[in-house]
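Asker: All chains should be built: construct the whole structure from the sequences, respecting the hints.
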Amino acid sequence: MDWGSLQAVLGGVNKHSTSIGKIWLTVLFIFRIMILVVAAERVWGDEQQDFVCNTLQPGCRNVCYDHFFPISHIRLWALQLIFVSTPALLVAMHVAYTRHEKKRRFRNGEKIDIEELKNEKIHIRGALWWTYTSSIFFRLVFEAVFMYVFYYMYDGYQMPRLVKCDAWPCPNVVDCFVSRPTEKTTFTIFMLAVSGICITLNLAELCYLVMKICTKDSKKTP
Amino acid sequence: MSWGFLRDLLSGVNKYSTGIGRIWVAVVFIFRLLVYVVAAENIWKYEHDEFECNIKQPGCENVCFDHFFPVSHIRLWALQLIMVSTPSLLVVFHVAYRENREKHHKRRLYRSPGDIDGGLLCTYLTSLILKTGLEIVFLVLFYKLYNGFKVPRVVKCDISPCPNTVDCFISKPTEKMIFLYFLVATSCLCIVLNLSELSYLVFKHSIKCYLKRYIKRCQ
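First to last, the protein sequences are chains A and B. Counting in the UniProt record's numbering, the first sequence runs from 1 upward without gaps. Counting in the UniProt record's numbering, the second sequence runs from 1 upward without gaps.
These aren't lab readings, by the way, just hints derived from the structure by calculation. Glycine is no exception: its CB is placed at the ideal position from the N, C-alpha and C atoms. Be careful, since some hints might not be right.
Unchecked claim - Taking beta-carbon pairs under 10 angstroms as the criterion, some of the chain B residues facing chain A (in silico):
| # | residue |
| --- | --- |
| 1 | 23 |
| 2 | 39 |
| 3 | 51 |
| 4 | 107 |
| 5 | 108 |
| 6 | 112 |
| 7 | 114 |
| 8 | 118 |
| 9 | 154 |
| 10 | 175 |
Answerer: In structure tokens form, the structure reads like this:
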């Protein structure tokens, strides 16, 4: 049970997405989840072990680390990816429910081809349009919220080399040194940039869906 | 043998669940199991190594850690996940029993072995009650063992061989507390889903029974 399971679930959603949605999923898998697993986790792997304070006072390092990193970047990213991926499941559930209803009608005697039902491409219209649009809206909200949380918690997106700590039991003010600050800043900016790209893709998809429904309405009304 | 086994088991349960049951399975997979594996496990990974006491006395740190963390949060969390997922297997076993019976008698005994009615309804309701009960038990256990869901930065320890009272510092207390609250929130959400499903099934079948009796009386 790991990111592969999430990928298996989301892969199913891919079939019912628009083209922009498919691009978003690809960006999510390759530039966010994969980068998180193969690179970012190693960079943050030794974060507390290599967080060094200029004091021998026991407990000072623990307390200073906890004060400056209430929740690690890597955990925040993991939560962000989980929350941002989840709205897509609303669409998967809606499609599964539609299929289930059709199967029920088939069982009750209506003539429906089972094979055609399995391979049927579900068009994004009616109730599914609303579900799909809501899922994109929630995705945007979660992305924005997490980016704001990052900015608020870490005073910007840069990782400092040195932090000055005077929390008890540190005597006076103590210099503490963060491990690999430049590498961490690089990855933070990278993840931020990819979040920005994902937000842009979601906005584009939202506009596309709204325009699609408007042009359809205007074609209907003579 | 790992969490993938639990995931496969629960996927089997999904087939015989109501809509709310499927939402419950999704919540357990994504917001509990996945968060546990990709985030929470790493926070508690070096909890003993990073637990530091302001003393050089050998054995003092070990004894204090054992006193304040009789069972680690992360182990309780894993036990909770396993216990809470297991009652759903009752439903899978009952459906398998029904299918076996049909095979044995070589004729159709049920409208559909996976339909939630009769004996299977009782099994399903029992599994819901068990799931809810176990969730509550674990939440109470967490609360009692750790004096609420807080993780302090410092604990004061005076157990032998520590001479006098010693300050011991827990690693990443804020991060641990955030994830504990997340655990509590998802547990409560699962309790609400289970209770809703219970009410929905009881209501649906009461209406069905009442209508049947009413039709009989009219005839």
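Asker: List, from low to high, the hint numbers that the structure doesn't satisfy.
Answerer: Result: hints 4, 5, 7, 8 break, sorted rising.
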